[in-house]
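J.: Sequence:
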Amino acid sequence: MPIGIPSLGVPELVLILLILLIIFGPSKIPEIARNLGLAVKELRNSISGESEASSTQQAKKNAGGEKEEKG
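Sequential numbering from 1 applies to the sequence shown in the UniProt record's numbering.
Among the hints, erroneous ones may be present.
For each label pair, taking beta carbons as the anchor points, the in silico distance ranges come out as [claimed, not checked]:
(1) Ile-19 x Ser-46: 43 to 49 Å
(2) Pro-11 x Ser-48: 29 to 35 Å
(3) Lys-61 x Gly-25: 43 to 49 Å
(4) Leu-18 x Arg-44: 17 to 23 Å
(5) Ser-46 x Ile-23: 25 to 31 Å
(6) Ile-29 x Asn-62: 35 to 41 Å
(7) Ile-16 x Asn-45: 37 to 43 Å
These aren't lab readings, by the way, just hints derived from the structure by calculation.
Just so it is clear, CB atoms sit at the ideal spot from N, CA and C, and this is done for glycine as well.
Using the sequences provided together with the hints, build the complete structure.
T.: Right under this line is the structure:
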């Protein structure tokens, strides 16, 4: 393990979650988790070179091709 990067175990994660619960309250935790999940998803998409716009364009292109084949 590289020097300077501490590992987080279960006790540390529980302590962090407890502090977040105290600071934000139980009603905000799901919203924060949802936003964090969306941020991670966007980061993964940007790293892999995929974007929502290109996948939407590809879906429209595929849907248009299927319509032409049927017609």
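J.: Using the C-beta atoms of Pro-11 and Ser-48, is the stated range 29 to 35 Å upheld?
T.: The hinted range 29 to 35 Å holds for Pro-11 and Ser-48, with Cβ atoms some 34 Å apart.
J.: For the pair Lys-61 and Gly-25, does the Cβ-Cβ distance stay inside 43 to 49 Å?
T.: At roughly 45 Å between Cβ atoms, Gly-25 and Lys-61 fall inside 43 to 49 Å, so the hint holds.
J.: Taking 43 to 49 Å as the hint, is the beta-carbon distance of Ile-19 and Ser-46 inside that range?
T.: At 30 Å between Cβs, range violated.
J.: Quick check: does the Cβ-Cβ distance between Ile-16 and Asn-45 fall within 37 to 43 Å?
T.: Because 26 Å falls outside the window, the suggested range is violated.
J.: Is the hinted range of 25 to 31 Å satisfied by the C-beta distance from Ser-46 to Ile-23?
T.: Between Ser-46 and Ile-23, where Cβ atoms are some 29 Å apart, the hint holds.
J.: For the hint 35 to 41 Å, verify it against the beta carbon of Ile-29 and that of Asn-62.
T.: 38 Å, holds
J.: Given a hinted range of 17 to 23 Å, is it respected by the beta-carbon distance of Leu-18 and Arg-44?
T.: The hinted range 17 to 23 Å is violated for Leu-18 and Arg-44, with Cβ atoms some 28 Å apart.
The structure does not agree with the numbered hints 1, 4, 7 stated previously, though it agrees with the rest.
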